[in-house]
Structures are given as C-alpha cells and as structure tokens.
Amino acid sequence: MSSNALTDSGSAGRAGDKIFSTAAMVAGSLILFVLFCVAVFLVKESIPALTADPADLKGGVSFFAHIGALIVGTLIAAAIALLLATPVAVGVALFISHYAPRRLAQGLGYIVDLLAAIPSVIYGAWGVTVLAPALVPPYVWLAENAGWIPLFTGPASATGKTMLTAGVVLAVMIMPIVTSLSREIFLQTPKLHEEAALALGATRWEMVRVAVLPFARPGIVSAVMLGLGRALGETMAIALVLSSGPMIASLIQSGNQTIAAEIALAFPESSGVQTNALFAAGLVLFVITLAVNMVARWIVARHKEFSGAN
Amino acid sequence: MSKRIDVADLNVYYGNFLAVEDVNINIDAKTVTAFIGPSGCGKSTFLRTLNRMHEVIPGARVEGKVMLDGDNLYGSGVDPVTVRSQIGMVFQRPNPFPTMSIRDNVLAGIKLNNKRISKSDADGIVESSLQGANLWNEVKDRLDKPGSGLSGGQQQRLCIARTIAVKPEVILMDEPCSALDPISTLAIEDLINELKNDYTVVIVTHNMQQAARVSDKTAFFNIAGTGKPGKLIEYAETATIFSNPSVKATEDYVSGRFG
Numbered sequence: 001m002s003s004n005a006l007t008d009s010g011s012a013g014r015a016g017d018k019i020f021s022t023a024a025m026v027a028g029s030l031i032l033f034v035l036f037c038v039a040v041f042l043v044k045e046s047i048p049a050l051t052a053d054p055a056d057l058k059g060g061v062s063f064f065a066h067i068g069a070l071i072v073g074t075l076i077a078a079a080i081a082l083l084l085a086t087p088v089a090v091g092v093a094l095f096i097s098h099y100a101p102r103r104l105a106q107g108l109g110y111i112v113d114l115l116a117a118i119p120s121v122i123y124g125a126w127g128v129t130v131l132a133p134a135l136v137p138p139y140v141w142l143a144e145n146a147g148w149i150p151l152f153t154g155p156a157s158a159t160g161k162t163m164l165t166a167g168v169v170l171a172v173m174i175m176p177i178v179t180s181l182s183r184e185i186f187l188q189t190p191k192l193h194e195e196a197a198l199a200l201g202a203t204r205w206e207m208v209r210v211a212v213l214p215f216a217r218p219g220i221v222s223a224v225m226l227g228l229g230r231a232l233g234e235t236m237a238i239a240l241v242l243s244s245g246p247m248i249a250s251l252i253q254s255g256n257q258t259i260a261a262e263i264a265l266a267f268p269e270s271s272g273v274q275t276n277a278l279f280a281a282g283l284v285l286f287v288i289t290l291a292v293n294m295v296a297r298w299i300v301a302r303h304k305e306f307s308g309a310n
Numbered sequence: 001m002s003k004r005i006d007v008a009d010l011n012v013y014y015g016n017f018l019a020v021e022d023v024n025i026n027i028d029a030k031t032v033t034a035f036i037g038p039s040g041c042g043k044s045t046f047l048r049t050l051n052r053m054h055e056v057i058p059g060a061r062v063e064g065k066v067m068l069d070g071d072n073l074y075g076s077g078v079d080p081v082t083v084r085s086q087i088g089m090v091f092q093r094p095n096p097f098p099t100m101s102i103r104d105n106v107l108a109g110i111k112l113n114n115k116r117i118s119k120s121d122a123d124g125i126v127e128s129s130l131q132g133a134n135l136w137n138e139v140k141d142r143l144d145k146p147g148s149g150l151s152g153g154q155q156q157r158l159c160i161a162r163t164i165a166v167k168p169e170v171i172l173m174d175e176p177c178s179a180l181d182p183i184s185t186l187a188i189e190d191l192i193n194e195l196k197n198d199y200t201v202v203i204v205t206h207n208m209q210q211a212a213r214v215s216d217k218t219a220f221f222n223i224a225g226t227g228k229p230g231k232l233i234e235y236a237e238t239a240t241i242f243s244n245p246s247v248k249a250t251e252d253y254v255s256g257r258f259g
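Chains as they are written, first to last, in full-length UniProt numbering: chain A, 1 to 310; chain E, 1 to 259.
Everything labelled a hint here was simulated from the structure, so no lab data went into it. All C-beta atoms, glycine included, are put in the ideal place defined by N, C-alpha and C. You may find that some hints are simply not true.
[As the list claims (entries may be wrong)] Output of the computed footprint for chain E on chain A, the stretches with three or more beta carbons under 8 Å from beta carbons of chain E: (1) 200 to 208; (2) 214 to 226.
[Claimed, not checked] Okay, derived cross-link-like pairs now, DSS-like style, lysine-lysine, Cα gap no bigger than 30 Å in a straight line: (3) E:Lys140 <-> E:Lys167; (4) A:Lys191 <-> E:Lys65; (5) A:Lys191 <-> E:Lys248; (6) E:Lys111 <-> A:Lys191.
Please take these sequences and the hints and turn them into a complete structure.
The following block contains the structure:
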C-alpha cells in the first residue's frame, strides 16, 4: 500500500480550475491574435500604395504627402473634442457622484448611459441639420473679432460645416462615455479618504480636490483615452458634418479632413492602388491610436508610486 | 489651545431611529476622556457628533447642544467646516492621502485652511507636527516618499501629525489602535499622554486596558437590547470606573462579565 492519500483528492475541483484557466488564456490570446491579424492585413494591403507612382493615386501626389494633411485633420478634430468634452464630462460625473441628491443622481446617470448608446449617424445628422446652421453667427463674429488668430481666419463658412463644428459634434458624442466611466471611478473613492479630508476642515469642493480627484486621476485618463479612441476613429459624424477640403489652419472655414471620414467617403469609388492607399491610411490611424494609448499609459505609470495602489 | 466640551440633552437619530439617547457629559480641557462600551452602543456615533462628522452619514441628525467653551456647535449659522477645523479626528483605520507625500499629508489641512504659506513656515510645521506625533526621526529622510509606504502604526501617527498640524482645540480618536499591532499601539498610547499637555483628547476604545492606561476620565455606554438606543450609563474618574463603579452594568462590563 504505497498510495498517497494526498494525491487523489478533489479531482472535480481541479478540473474546473483547469477549464477556467484554459478559457481565460484562450480569451486573452484571441485578442492578441485578432489584433495581429488586423495589423498583418493592413500592412500587406498598404505596401503597394507606399511604393506606387504618385500619378496613380488620388490627387496625383505621393501617399505620404496625402496622408500628412489627414493625420493633422484627425488630430485636430480629436483634440477639439477632448478639450471640450473632458471638463464637462468630469464636471457632470462629479455632480452625479458627489453633489446631486441621490434620486436625481440615479436619473441623471441613467440618461447619460442612454446618450452613450445613440448611434453616431444620429449625432452626425443632428450636427449637420441643427448645430452647423446655429453655429454660423458665432463663426461670423469670431472671424470679425478674433480673425487675427490663424485658427479663426475668415471668411467664415456660410453653412457652418467646418472643423470646429465637427469637433463639437465629436465632443457631444464622447462626453457620455467619459462621464459614465469617470462617475464609476469617483464613486469608488474610499470613504476613509473623503472623511480624512472633511475631518481636517475641508469644504465639499476641497474634499473633492484633495481626496476624490487624485484617487480618480488614472481612471479619468483611461476614460478620456476611450473617448479619444472613439473620436479618432469616428467616421459617420465627420463625413456628414464636415465639408472637407485641403488642409487649412482656420477652423471656421470648410476644409481639412480626417482619416476615418476620408476612408468612408472615398472607398466606394476607389479601385486598384487607390484602395491600397485607403488601407494604408487605416494603418496610420491604427498606429496613431496605439501611440496615443501608450503615451497615456506611460503618464499614468509615472505616478504609480503615489497612486494608492500600494 | 484646548477647550472644554459640554454636551446637554443630546439625542442622535438615523432617520427616525433613535441611536443615542439623552447624553449629558462635561469634558475638561487638557484631559483624556475614554468612551468604552459594547459594540453598537453608540459610542462612535456619539463621538462623531462632537465635530459634526455624523453629517456625512445620510439621514443622521442630532437634537440637543454641544458647547465648545460655551459656543454651540449646532447653533444656527455655524459651518461644520469651521467646527471640524477646530475639532480634529483620527479614524479607526489609518487613512493618509495615498497620492500625497508624507510632507504633503502633514500640510494637507494647512493648505485648506489658509492657502498660502512660505516654504520655511511649511518646513517648520512639518517638523513640529511630526515631532509632536513622535514620527519625525523615522521619516525625516523620506518626507517626499508616499505616506502609504509607511507601516500601519507609522501611518496612524502620520494621521495624528496631520491633525495636530492645523492646531485644533480638541482631538477625537475613533478606536485609533484597533488596526495596529501591540508595539504600534504602545507608541500611540505614549503619544496620547503627551498630546494631553496641549489638547483635549477624546478616545473611543474597545480595549479596556487601553482606557485604563491612557484616560483621566471614562464614560461607559451601553445598550438595553437590539433596536434600543444607546445611553451613557456612567461617567467618572477612570480609577473609579475600573475599581469602584456605582452602576452594576459598568462593573459587569469592566470585569469582563459581558461585552
């Protein structure tokens, strides 16, 4: 009798453990695999465009000359959206989590979540029919009074279908998701830290500043990054709202274009190496998104020691 | 610094539930007063009403008077923020701000109360507060490191340093040692003995030996049963409470017959 009583116990539990760890590993690898396939596909489709004769491409310029303007346009639209949406989203989230009476907070939270579920084409349609005409008078005013700033050089667009309008629509689109995530983070602030601040004689706002915002900072960055991802890749709203054209500094004239909208608008009527050029543009967008996320992670990681995770 | 507290006919409610009933107690300046009693008897709840921290809990409210040297904390027009800057609080679990350095933790309250101070003044306050909390020698070389990197006992003394940095009149402590090991507990108890020279200290504790070691006077709270309000049963010199209490329930509790 040399059998060890400790070797054959609980085989059922062991099996469950194995199934779970395998399932988790498969799910994890699947993400990497899909990402890898997308990258390979994009690179493969892009190569002909990178080496093509400029004469075969749209506009008769080389791919790199063409994509530069699109990168700038994409970044400008996303930057406007973030600048407008982040403060509002953080403010709304704080109001819901720390200021509003509980019943109002629940209702508001529900509405914000609902806003996040509206398809982008709706936002685009609203942008072009309501927002763009409404913004024409302010643009005219800006061109007259702030025209010396290159961003607001006149003459202002008569339709309002400009980069600034597109940025505002994007801001409205990403605001709900940023609000929703920020609110969840704010609600997770440890009671202990809030009470520590209050016991020192902090007002409500000081408590938020000392205890809530520092705790939530990495979460806010993540929320903004998700919003940014959506803004960078947004296609339909931009395609509808922006009257595209060559790259210009002014945000209140028609002009500029983003990568995603360019792909959507040009794809149906492209063929051959022109299609390859659009895939190459997609690859560039992919790289930009990746780079922006890595920079954001790096910023968060730099303050890890003070994150409260230890 | 240091003022006396006089509580008259204080009732504490959570919504409609009467949690603590009819407390009358006079706490002298520059003394250590311990609140003891079984769990759920309302001693922590009552402690919180002494600097209006109970208002953080939804539905909690108070009837009655708490006088700080004759000024009613619950008088009309009294801002709880002002009350709390004069009556500081140390909590059960150490809670330094995790995103701040040790130095910034000490200065957190100062920066709230009067925004701008010179660097040399700040250095002085950091050193004197940490000295006052018996922590200076352990952390003087790493003031810029995060406060969350300290041991539990050190974190709790950092919280005390943060509290005394704003120069309060009274320091409330809600079971400050219950999350600490015996050595750290001893360090805090020594500190409480020193704090008494400058501050009025009120401490809630589950540990009767601790109450006997650190306090001048002891208040025993008890509860008649679940759903009944907590009451102040007896309040006297600590020596009297532990050797010759006048109420049977107090004697049963301190001699370990229940609780």
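Structure-based check of each hint:
no.	hint	result
1	200 to 208	holds (count 5)
2	214 to 226	holds (count 3)
3	E:Lys140 <-> E:Lys167	holds, 21 Å
4	A:Lys191 <-> E:Lys65	holds, 27 Å
5	A:Lys191 <-> E:Lys248	violated, 38 Å
6	E:Lys111 <-> A:Lys191	holds, 21 Å
Hint 5 alone, counting from the list given before, is not met by this structure.
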